[in-house]
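Protein chains in written order, with this note's numbering: chain A, 1 to 333; chain B, 1 to 344.
Hint data in this document are derived by calculation from the structure and do not stem from the laboratory. There may be inaccurate statements among the hints.
Non-contacting residues of chain B with respect to chain A, defined by C-beta distances greater than 12 Å in every case (computed) [what the hints assert, rightly or not]:
| no. | residue |
| --- | --- |
| 1 | Phe17 |
| 2 | Pro20 |
| 3 | Arg37 |
| 4 | Glu57 |
| 5 | Ser58 |
| 6 | Leu72 |
| 7 | Ala77 |
| 8 | Gly78 |
| 9 | Lys91 |
| 10 | Arg99 |
| 11 | Leu131 |
| 12 | Pro154 |
| 13 | Asp206 |
| 14 | Gly296 |
| 15 | Gly336 |
| 16 | Asp342 |
Result set (DSBU-like, lysine-lysine): computed pairs, CA atoms no more than 30 Å apart in a straight line [as the list claims (entries may be wrong)]:
| no. | chain 1 | residue 1 | chain 2 | residue 2 |
| --- | --- | --- | --- | --- |
| 17 | B | Lys137 | B | Lys161 |
| 18 | B | Lys212 | A | Lys257 |
| 19 | A | Lys140 | A | Lys271 |
| 20 | B | Lys156 | B | Lys137 |
| 21 | B | Lys212 | A | Lys271 |
| 22 | A | Lys54 | A | Lys35 |
| 23 | A | Lys271 | B | Lys161 |
| 24 | B | Lys161 | B | Lys212 |
| 25 | B | Lys156 | B | Lys212 |
| 26 | A | Lys271 | B | Lys156 |
| 27 | B | Lys212 | B | Lys137 |
| 28 | A | Lys140 | A | Lys35 |
Glycine residues also receive a C-beta, built at the ideal position from the N, C-alpha and C atoms.
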Amino acid sequence: MTAETLYSIRNLTVEYDTRIGGVRAVDDLTLDIYKGEILGLVGESGCGKSTLGKGMMRTITTPGHIVGGELWFEGVDLMTLSELEMSNIRGNRIGMVFQDPMTSLNPLMRISEHLIEAIRTHYPRMSEDAARARAVDMVKDLGIREERIDDYPHQFSGGMRQRIMIALVLALNAALIIADEPTTALDVIVEAQFLDLLRSLREEFELTILLITHNIGVVAELADRVAVMYAGKAAEVGPVESVFLDTKHPYSRGLLKSVPNIDVDDQELFKMTGAPPNLIAPPSGCRFHPRCPRAVDLCTDDEPPLIDVTGDGHLASCWIYSDLPNRPTDGVG
Amino acid sequence: MTATDPLVEFDHVGKFFPVPTGLISGLRSKKEKPAVRAVDDVSFTLERGEVLGLAGESGSGKSTVGRLALRLLDPTAGTVRFDGIDLATLKPEEMRRTRSRMQVVFQDPLASLNPRMTIGQAVEHPAQIHLTDLSPKQRREEVYDIFSAVGLDPPKYYYDKFPHQISGGQRQRVVIARGLITRPDLIVADEPIAMADVSVQALLLDLMMQLKDEFDLTYLFITHDLATTKYLCDRIAIMYLGKIVEIGTLREVFTNPQHPYTRALLAAVPVPDPRHRRTEPLPQGEIPNPIHPPTGCHFHPRCSIAQEGVCDVERPTLLPVRGIEDHEVSCHLRTGAYQELDPV
């Protein structure tokens, strides 16, 4: 890959303290986000995908804490910054969009006030009128009627609020947007409208988006690359077409096959055995080995590294792709 | 339709919720009080052993239909019949007995379970109310049997667990088990798998299919997720602003959708294949305010083929799609007198 790396996560480990021990929600994870791409981060509940998003912003709160790792963004390791410097990065250089925009908007502030504040944070010398004019342009761009700009957040529907969140992030000219389940609370048509909007915005503004979601269909529709997480680790990372059509990791294979689709002639729904492990005492070796149809002794004993399977950035953390003599054999399923 | 003995029958059912108005304006206004027509003139039948999917977006009225079927709500208009009996005519005692034949499974299993009851007690509780001719020992055996049937194995191990000690997927199995203990005829499943991860969804869908055969169940399956209806439903009804806009066999509605809203809904479902591109246009805007629904066809302001003078004036009704059995659509341009106006 010749693409320029915008954010580089190096060996990030995040732990939550519990009465019965530390839970490593993100464990020694390394991942790059390239400039101008939409990277989909998928996985089931508890796999650590939201913790990773928070870790990247350094907004993990007690009982959680970052145990180690480096977070390189625009040439700086964010781990070395003071809290004050970090809060400057947040919102300014990295914007966040959450599942429930109502918790991110101030219920006592008009939409216009939110936007003007954001614009003037970024352009302190801009007059209030100019900022307002710009805010009006932005909401119109996002398909919201001008006369609604002085409404309060509760007067907006869920889909419109999510558009406002995007407007706020755009107003700040953030280099990276971390969107955690941005469409999960939306109905399917509103979700599709929102995805269309993101698609056109990313062309216009050359956005870089980390899209955290459990919805694999949304990733297929929008992302350029995808990272599949399992039990705090990256199981598979690669270009979206390659990961979806030539899936390498046995876990991703099971996950993708169990996604319902609307093709009436495809009636088989794949059922994966077992459940994700308890992260207080994760399995030895590969964390997927107790559920894996291909597992051999090697998988029980040693943890597999991320291996570049195809030589062009399609990585899988699975011993199948090693050249060890005692590696498991690949097969269908 | 030829079937004659449906388990559930909705006959022009309406459910209107009054909208709170201020005291002064309420006294001043001589006009009819505003109401949300959550369910408006809905008719359908659910045959024994059938699975009917009820799909639509938030606020379409699908959950209200489910509550009306269980008589958790009384209809404002029309009749809801269960096994041929008008539910509104039943006295409390008769209703209580009928209730043992109809059960419900909700979306959030944690909210549906008492955190201070073991899951065994939770499932046994309905048996204590409804299965009064069984001895305590027999009731306990019943619980074990149902636990095995829903995959909570070994049952004796699970009996003493509390809801917080088991996984979300297992909790949903408990809620299903509790629904089955009275051996009901009807299960109203309101988004039963919406909170589960995809791998767990697949297991729950599979379980529901197995249980349907094992216990001779009839399902009303309420969901916002069209993709999951396919694995379970024989027929499907699409709701929009309190009305059924299209109903038919699942295969027919999925492969030959007639209503522009159904088409949009199907097209909007994200497809887990990066090569896929959406072909159907999305409707503009969002669902309008149900207190003041649009005139004529409720969907016309967002419809890409709406015809002025027809769709914004006259209210369409469900009519059979020509030449096709068991497929009805409520669209002026697809059935009835104005079909020649259809631009497609």
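Hint by hint, here is what the structure shows:
No Cβ of chain A approaches the Cβ of phenylalanine 17 of chain B within 12 Å, the least distance being about 19 Å, so the stated non-interface status holds. In this structure proline 20 of chain B is separated from chain A by more than 12 Å, as the shortest Cβ-Cβ distance comes to about 16 Å. Distance to chain A confirms arginine 37 of chain B as a non-interface residue, since its nearest Cβ pair spans about 19 Å, more than 12 Å. Distance to chain A contradicts glutamate 57 of chain B as a non-interface residue, since its nearest Cβ pair spans about 4 Å, not more than 12 Å.
Its closest Cβ contact with chain A, about 5 Å, brings serine 58 of chain B to no more than 12 Å, contrary to its assignment away from the interface. Every beta carbon of chain A lies more than 12 Å from that of leucine 72 of chain B, the smallest distance being close to 24 Å; the non-interface claim holds. Annotated as non-interface, alanine 77 of chain B keeps its C-beta farther than 12 Å from every C-beta of chain A; the closest such distance is 27 Å. Residue placement check: glycine 78 of chain B keeps its beta carbon more than 12 Å from all beta carbons of chain A (closest about 27 Å).
Against the 12 Å criterion, lysine 91 of chain B stays outside the reach of chain A, whose nearest CB is about 40 Å from its own CB. Every Cβ of chain A is farther than 12 Å from the Cβ of arginine 99 of chain B; the closest lies at roughly 32 Å, confirming the non-interface assignment. Residue placement check: leucine 131 of chain B keeps its beta carbon more than 12 Å from all beta carbons of chain A (closest about 32 Å). Proline 154 of chain B, annotated as away from the interface, keeps every beta carbon of chain A farther than 12 Å; the closest lies near 17 Å.
Not every beta carbon of chain A lies more than 12 Å from that of aspartate 206 of chain B, the smallest distance being close to 6 Å; the non-interface claim is violated. Taking the minimum C-beta to C-beta distance to chain A, about 20 Å, the non-interface status of glycine 296 of chain B holds against the 12 Å cut. At roughly 25 Å, the least C-beta separation between glycine 336 of chain B and chain A is larger than 12 Å, which holds for a residue marked as non-interface. Even its closest Cβ contact with chain A, about 22 Å, leaves aspartate 342 of chain B beyond 12 Å, as expected for a residue assigned away from the interface.
Using a Cα cut-off of 30 Å, the hinted pair lysine 137 of chain B and lysine 161 of chain B holds, with the two alpha carbons roughly 19 Å apart. For the given pair, lysine 212 of chain B sits about 24 Å from lysine 257 of chain A by alpha-carbon distance, which is consistent with the 30 Å threshold. Our distance criterion of 30 Å between C-alpha atoms is broken by lysine 140 of chain A and lysine 271 of chain A, whose separation comes to about 45 Å. Note on lysine 156 of chain B and lysine 137 of chain B: the hinted pairing holds, with a Cα-Cα distance of about 13 Å set against a maximum of 30 Å.
With a CA separation close to 18 Å, the supplied pair lysine 212 of chain B and lysine 271 of chain A stays within the 30 Å bound. A distance of roughly 20 Å separates the Cα atoms of lysine 54 of chain A and lysine 35 of chain A; the hinted pair therefore holds under the 30 Å criterion. Only pairs whose Cα atoms come within 30 Å are accepted, and lysine 271 of chain A paired with lysine 161 of chain B is accepted, the gap being roughly 25 Å. Distance check on the hinted pair: lysine 161 of chain B and lysine 212 of chain B sit about 26 Å apart at the alpha-carbon level, within 30 Å; holds.
Pair hint lysine 156 of chain B plus lysine 212 of chain B holds up; C-alpha atoms about 24 Å apart against a cutoff of 30 Å. At roughly 26 Å between alpha-carbon atoms, lysine 271 of chain A and lysine 156 of chain B fall within 30 Å of each other, so this suggested pair holds. A threshold of 30 Å between alpha carbons decides the hint, and for lysine 212 of chain B with lysine 137 of chain B the separation of about 26 Å falls inside it, so the pair holds. About 27 Å separates the Cα atoms of lysine 140 of chain A and lysine 35 of chain A, which keeps this hinted pair within 30 Å; it holds.
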